[in-house]
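Visitor: The primary structure of each chain is shown beneath.
Protein chains: 2
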Amino acid sequence: MTAKEKLSALRAEMAKRGADILLVPSDDYHQSEYVGDYFKARAYISGFTGSAGTLVITAEDAKLFTDGRYYIQAERQLKDSTIDLMRFGTEGVPTPTEYVISLLSDSKRGLKTLAFDGKCVSAKFADGLRAKLPEGTTLLTDTDYPALIWQDRPALPASKIWAYDIKYSGKSHTDKLSLVRAALCEKKCSALVMSSLCDIAWLYNLRGDDVTNTPVFLSYSIITDTEDKLFVNLDAVSEVRPSLEAEGVSVYDYSEFYAELEKLSGASVMVDKSAISEAIVSALGNANVVDAANPTVILKARKNQTELENTRRAHIAEGLALTKMMIELKYGDSEHDELSVEQRLISYRRESAQRVGVTYLDESFGAICAFGPNAAMAHYSATAESYSKIDKNAPVPMLLIDTGGHYLEGSTDATRTFVLGDIPNEVKLHYTLTACGSLRLANLTFLEGATGVAIDIIARQLMWERGIDFRHGTGHGIGHLLSVHEGPNSIHWGRSAAKIEENMITSDEPGIYVEGSHGIRIENELITIKAMHNEFGQFMRFENITHCPIDLDGIDVAVMDNSDIRMLNEYHKRVYDTLSPYLCNGDKEKLAYLTRAI
Amino acid sequence: MTAKEKLSALRAEMAKRGADILLVPSDDYHQSEYVGDYFKARAYISGFTGSAGTLVITAEDAKLFTDGRYYIQAERQLKDSTIDLMRFGTEGVPTPTEYVISLLSDSKRGLKTLAFDGKCVSAKFADGLRAKLPEGTTLLTDTDYPALIWQDRPALPASKIWAYDIKYSGKSHTDKLSLVRAALCEKKCSALVMSSLCDIAWLYNLRGDDVTNTPVFLSYSIITDTEDKLFVNLDAVSEVRPSLEAEGVSVYDYSEFYAELEKLSGASVMVDKSAISEAIVSALGNANVVDAANPTVILKARKNQTELENTRRAHIAEGLALTKMMIELKYGDSEHDELSVEQRLISYRRESAQRVGVTYLDESFGAICAFGPNAAMAHYSATAESYSKIDKNAPVPMLLIDTGGHYLEGSTDATRTFVLGDIPNEVKLHYTLTACGSLRLANLTFLEGATGVAIDIIARQLMWERGIDFRHGTGHGIGHLLSVHEGPNSIHWGRSAAKIEENMITSDEPGIYVEGSHGIRIENELITIKAMHNEFGQFMRFENITHCPIDLDGIDVAVMDNSDIRMLNEYHKRVYDTLSPYLCNGDKEKLAYLTRAI
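Note that the protein sequences, when read in sequence, are chains A and B. Under the numbering used here, the first sequence has 495 at position 488, and the numbering climbs by one with no breaks. Under the numbering used here, the second sequence has 164 at position 157, and the numbering climbs by one with no breaks.
Since the hints were derived computationally from the structure, they do not count as laboratory data. On a predicted model such as this, the values are computed, not experimentally measured, just so you know. Incorrect hints may have been included.
The list treats identical chains as one, so a pair stands whether inside a single copy or across any two.
Stated by the list, open to error - With a straight-line cut-off of 25 angstroms between C-alpha atoms, the simulated DSS-like cross-links for lysine-lysine are:
hint	residue 1	residue 2
1	399	337
2	139	194
3	195	139
4	13	119
Given these sequences and hints, build the entire structure.
Guide: So, in structure tokens, the structure goes:
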């Protein structure tokens, strides 16, 4: 079917069921950042395959809302679909919620019923929408409209679930469960309902493969003082089921979740409304719903010593791979393009993992390999249809690589920008400001209790001085063999409020992007560790666990303060000391040169 | 009467009226930071004269709660009073509220009624207390207990109220009133009740002298869409009353306020519960009380061009006075002590004001002149009974001067620490870290929207790196011929949330304090101004309006980055260029030396 045919089939179903407006979001049943193919209904209907977008359909028209990352791709993919692109984030363009409200408020159009699948929007989104609905609106939330017309829909993912050994997780399910129960008790709740896949995978020390690059599995969990219920595909869980049951977990089929929810009637139930669906909260009907962050969020963000020690080793392998790639790109003879670099990096990663003695599993996200002006696009992704060759004679011959691996030992995420030929002075300035910003943040000492709001300016100060900024956060938390984007820690001067606590791992990734010319980003991963303790309290600092040279061909020493130069030299000495034992003599020499003191 | 006799007289009154516990706070009827003598009931009863403290009296005992600034003074002043000192802020010591709750919860003691004067506590405090009271507690809030025993109580202050000319205020009362009414309209309120003295003085362009160093007058204001009522002492206001009435202000006597409040029954009334008394909110009885910051707070914080231009000139006079004091202290022959410096500074200020062509009125707060180890005490104040001589051969011969003036043109606040002999290397390090912190913040460029939380670390970074901190905010707003402490702007990594907006004036005052040895603080006043505007938005920066050398005898260049050296030299060049036209040749030469490039 074409997009037009799909729309008209959907409109027939809408008419049959009295739905004036249909909203098709991008969420799965678990409000995941990335979703399995089964849940890509918006992409199926519209043809637009970006990771974020909302489709709003009425009898007369259809609008697709997406953000700046995807304007160009969406334009291309929506051609001939009769769907209008709504460039969300552009001045004057409403949000999907605002647009839906305006439709419902337009008495001329007479639209009264709004339909969406309550399982595919968060309770928080639904609450926000409900607060603004004009009187007389009816919400229809129990029908999966796309399902009515989607004949070759992929099956629900059901990858094999495997046990994540305590030698990697560092803490048993039983121990984690007591911490969760203690948090429940503190909030005077008698039950916790969770649907967020990373939290469940962490709590049960299980992993799967239901979402690309995120080793999780479809699941729900209900925890009370005495019960510990896990809802998963029974075939997928069969191998680990006996050991789960031995730990006291009651294993149910994924489909039994809603029936079990009803048993919580009357209880005080903790749910995180931003991480759980409207359908679940609605099914909790008579329970006393307490909206609070899942206790697992902060518990899993504070890494334990096993996780930290293993992650450090994974980062050595990762840094080794990235450094080998750097050496090859800068000194090798092979022709490369954005796609071949990603592949070569994966093979370096396997090789390095073996040398370091860790186990590489998968990319932790689709790598961004972006040459020249491509690097100015924040979420650029090379495809077989469209990619750039690496040309050392290009106007700005730089390659930005933002990549990471899932290792059994932990997940990595790092960015380097390599200088592969002559670059203009202004680009060197940008490179140096980015490098200094990243180094300054990595070398910061701060008092315990400081948030990501309070420390961000350290990475931006030199840029702001020159009227330059980057439009993304400076840092995000990272999961341990889970999602590479994890809260609550993050670093942004105007957004995050969470404290940067001991044993959290947070990225440090300033950048500068000039459209049509170049993009630079330097990303390190930082473990928060204790510094001195005295009458002023506990000071904290960071351990930088990313090991790969910052390209000195991008550095203009004249821009740097003497402390910047000292920090860069110290960092490079550590990179050399950490990686050189794993390198052959030729590469060792090249690394020595790449990390020479300036 | 002795404290003991006063307590027993009070207890007799409590018994007569059935009050089990009496709480005597430090507030006046306007929740002012500093209060007139009429309101110093806690000091009258206990003998403790510090600016902050709460007294809690029962039939058996009496406790005085005060903070770390006043432990030593309170210990001395409470001797023989039978009042126990509660060192608020020390681990394990309850807050007055916690203590009162614990008394009321102790069934053995059987205390059931709590009395305090509802006019002398904020509505926010009372709300917080009420939320925690054990069931069965009775609150008695309509009696001024101290009044029952205080025979020679000072009269309510009633200084002459004078008009603050528009050539200084920059905006007429009528214009300010429309802005306030617009804010009311936005919040869908039909009335505003204000009792905060600085806000009222600002709104009506009036000044008085009811509080030491703060040119305000006792007053209330009620504003509706059509009414504009000012409540003041009718004698005090007599001279300006005709012009007020010509502007449409209805002038009432201070005592008529509560009767007028009753007329707001049924209306939506905006009050700032942290800046208005419990008694007022309680008198609003049937009105719909909307708790919101007074709209005047943000309006008066955003200075207008007249205020800014005049304040700049006041700061030239102030800087000149402070610089002359510096020259005298460093190169003069006169013997000095902490008290004589304050007096000499006042005469320099008068002289400088004349030379610059501005009008000096008064100190904007009691100056802190603290020599050697005295400077380590945050709120040190020399008295005729206890002060230090300035001895250039002392172990750490440094003098900290934190001082400011009220000029007709605006108020100033600045701190310098002068080095008057040889100081140890560690002290030089501390001096340099403080100077760099202050300079770095003053030279910061930041994106519009950044708060005091986001920028504070710039001043602390070098200290934190070495495990040093200072336990006060880095900056506070400052009033225009009003209080030197003004919100909403402030700078602190863990406290303030207000944006640092264009045309606000904020102090920049890092410090380092080592008990028993020395204290260093360097304070400049900064106007927020616009920097570049581009695709990233509006960048902001600061104009430093404080002009006085940073003592180079305290500077260790080895600790500084090259950018720190550049900023210090640039600052000193500006100080020289600004002040030298007003100096005789001899002083001009000395200033040239004090501001030489390093």
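Visitor: Which constraints among the numbered hints does this structure fail? Numbers only, ascending.
Guide: none
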